[in-house]
Amino acid sequence: MKTAATKTKVLTANRLTDGIAVWLGANGEWTTSLKEAFLARHDDAVAAIESAGQQALDDNRVVDVNVIEVEETEAGPRPFRLRERIRSDGPTIDYAPAFTAGVSHAA
Amino acid sequence: MYRYDEFDHAFVAARVNQFRDQVERRLSGEISEDAFKPLRLMNGVYLQLHAYMLRVAVPYGTLNSRQMRKLAHIARTYDRGYGHFTTRQNIQYNWPKLSDMPEILEELAEVEMHAIQTSGNCIRNVTADHFAGAAADEVADPRPYAEILRQWSSVHPEFSFLPRKFKIAVTAAERDRAAIQTHDIGLQLKKNDKGELGFAVWIGGGQGRTPILAKKVRDFLPEADLLSYVTAIMRVYNLHGRRDNKYKARIKILVHETGVEKLTTEIEAEWAHLKDGELKLPEADIAAINAYFEPPKLGDRAEGWGELAAWKRSDPGFADWVGRNVAPHQHPDYGMVTISLKPIGGIPGDATAEQMDAVARLAEDYSHDEIRVTHEQNLVLPHVALADLEPLYRALLVEGLATANAGLITDIIACPGLDYCALANARSIPVAQEISNRFGDPARQAEIGDLKIKISGCINACGHHHVGHIGILGVEKKGAELYQISLGGSADENASIGQITGRGFGPDQITDAIETIVDTYLTERISSEETFIACYRRIGAEPFKAALYASEAEAA
Amino acid sequence: MTVIWTQDGIVENDPWAQPGSDSGSKLLPLAEALEHARDNAAFGVVLQPADDVRALAPILDRVAIIALTFPAFSDGRAFSQAMLLRERLGYQGEMRAVGTVLLDQVPLMLRTGFDSFEVAHAPTIKRLAEKRLPGIDLHYQPAADETHAGPGYSWRRTAMLNG
Ligand code: SF4
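One line per chain: the protein sequences are A, B and C, in this order.
Under UniProt numbering, think of the first position of the first sequence as 1, with each following residue one higher.
Under UniProt numbering, think of the first position of the second sequence as 1, with each following residue one higher.
Under UniProt numbering, think of the first position of the third sequence as 1, with each following residue one higher.
In case anyone wonders, no lab produced these hints; they're calculated from the structure.
Any given hint might turn out to be false.
To be verified - Reference listing, derived: stretches of chain B covered by chain A, where coverage requires no fewer than 3 residues with Cβ under 8 angstroms from a Cβ of chain A: (1) 75-89; (2) 97-106; (3) 426-435; (4) 457-466.
Unchecked claim - The calculated lysine-lysine pairs, modelled on DSSO-like cross-linking and capped at a C-alpha distance of 27 angstroms, are: (5) Lys216/B <-> Lys246/B; (6) Lys126/C <-> Lys216/B; (7) Lys215/B <-> Lys190/B; (8) Lys97/B <-> Lys35/A; (9) Lys7/A <-> Lys477/B.
Glycine is no exception: its CB is placed at the ideal position from the N, C-alpha and C atoms.
Can you build the whole structure from these sequences, using the hints too?
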């Protein structure tokens, strides 16, 4: 069944055990990379990720579940809100010298 | 400083176990997030943008080296190697796992620390003057009373579900370094004309959406009545504080809506019943707690005077640092040293595990094992002999902790903002960094003189923007960050709330706007003796507004 | 299913019904209770958080049970109402927590003078039935419960351990 096209949406949450920001992937697993998130492009798909989110919440796997809007770019999905971009890319500052020395930085 | 006795150890251990049980119930799914949230908050655990955050209390800002080393160890073992000192004498970890929390709390308990009531609608960590016990101008050490309040308020059965959070601050000098007028209860320890100790009691101060300065409800409360009087205030607030709107739930609104006279009458009526009851503090107990805060035995070190003068002559950098970051101590041969956590272009209040270890070591070597955390997000070594200042300075330089900017324009308070905080509307830290870089030149900072910039990433005002000489508040407008400026705020004994200048500035304009304000001040001031806040109070907001919005005025 | 729990365990055949129910003895709202006190039957009172408990003073010796309401876990007014009833008015009868009663609040409620609890959450009922309360036996402040004084400072108390 074809449903109305909407702005592309993805489902995000934080993992219960460690609080790390995650997105619902195409394979139904939660991933720590927004790039691997499942892109819901029409109402049915949005309803499906919403119900998957509710289920994960009920199963106590994640907390703070939200559907967010993204723009599809060549570099992958880019959230409209700065808040969500920061959730996916990390703090915009050079925050943990010792820790980040070993990790490459997404600009 | 205070040391836990058996009772305290057993209590904190029991609290850790209680929280462990709560976390287990959550992880097993026995309780939902809705039911767990108030429990985790009561123990300082938040869910932020990227991860959980743990807020650990540093009661009245006092730490020893062993505790500081433990904070470093926790940063290294359970987090990403750093921590953030806040405006409420707490330290926050930004990346701990929920499943690790019980273990972290157990480690903290080993060094007599905890995260009890660092969040939630309860009585929060009691704060005090960071120079307490060392300042030349105090009438007595306020920390014993803060400690009594800390104990009494811990897991208080009646006051754990208040209308809203509740903050108490204690100071003991005319010069208010604890910002008591912005607290729910502010206590100023003083002596009456008979030489007895007691408190001037202020209530109803607070920042947030509706900033209000506290009102004095009592000029002198005998020290023995501290707990009964605070109980009376808390009970009246718990029963009558508004619960229909979280923005109107702080005691400041109750004071405002009821009127201070009427509310004082109610508090006094309640107190009349409690005054001579079991909460009356026996002299022996006050004395016993005071004994823990005996100042260290500081030997005379008069040689420091001559040495200091010589070092200052040979090293202007050192001389600047002493001029800015060292304040007079009760003992003339000693000083109180502010360790700035505001390196130029750095993140205000952040310290790495290595820096924490270094501070611990330096406190042992030079400050009788004592460290303080300030509400301005710096650290203090309170008892340093003048003769030790030079080697201390060298050691701090190596650690990147010798920035000579205490009280200057780059000594900026900034909350975590949108880089971490789930409630934020805009980022705070990058704004602080850009301003710091713009004004980082030591000569320029010195020319500008005392100036406090305070930045919050949302209306909750954790960055105290309302009481900054220059306050910056981040808001979100049409999906973009926008920064409102307020001028003329102050958190000291002459407290005032800043006034908003007008329309806000985008992230790429805000530093220029601050520069315009600073330039206006430099032009307008009578002499370099007139500080920014004094100048503002003399000339008012208009010259600053005219400069800020000049182009618009022309266009109109 | 909702049950009533006290420190002796789950109460079978609790006689007190909330207003509006048609069986059992009644818990009356404050205004009705003040009215009802003129006749002679035993009655209980159910108070809302905004009620002034001091209004009960003249009829307190006629009241068999007072239920204090927690409309939400976050509304802690009943903790102060309970303290006033026990400490100020000297009320000795049964005092019940009704509404949203969380397991982790029960130890605090016991300290402020509650002695029975209306609970509906199944895992909470189970924990209570097993008497596994998540409380701390060391207290930094006096309250309405019976405790040992000290040790150490005047404000400290320790729990009386039953059994
Ligand atoms: S002021 Fe707002 S953004 Fe900043 S830490 Fe507080 S809640 Fe977060």
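Hints, verified against the model:
| no. | hint | in the structure |
| --- | --- | --- |
| 1 | 75-89 | holds (count 3) |
| 2 | 97-106 | holds (count 3) |
| 3 | 426-435 | holds (count 4) |
| 4 | 457-466 | violated (count 0) |
| 5 | Lys216/B <-> Lys246/B | holds, 24 angstroms |
| 6 | Lys126/C <-> Lys216/B | violated, 49 angstroms |
| 7 | Lys215/B <-> Lys190/B | holds, 17 angstroms |
| 8 | Lys97/B <-> Lys35/A | holds, 24 angstroms |
| 9 | Lys7/A <-> Lys477/B | holds, 21 angstroms |
Hints 4 and 6 from the earlier list are contradicted by this structure; the remaining hints agree with it.
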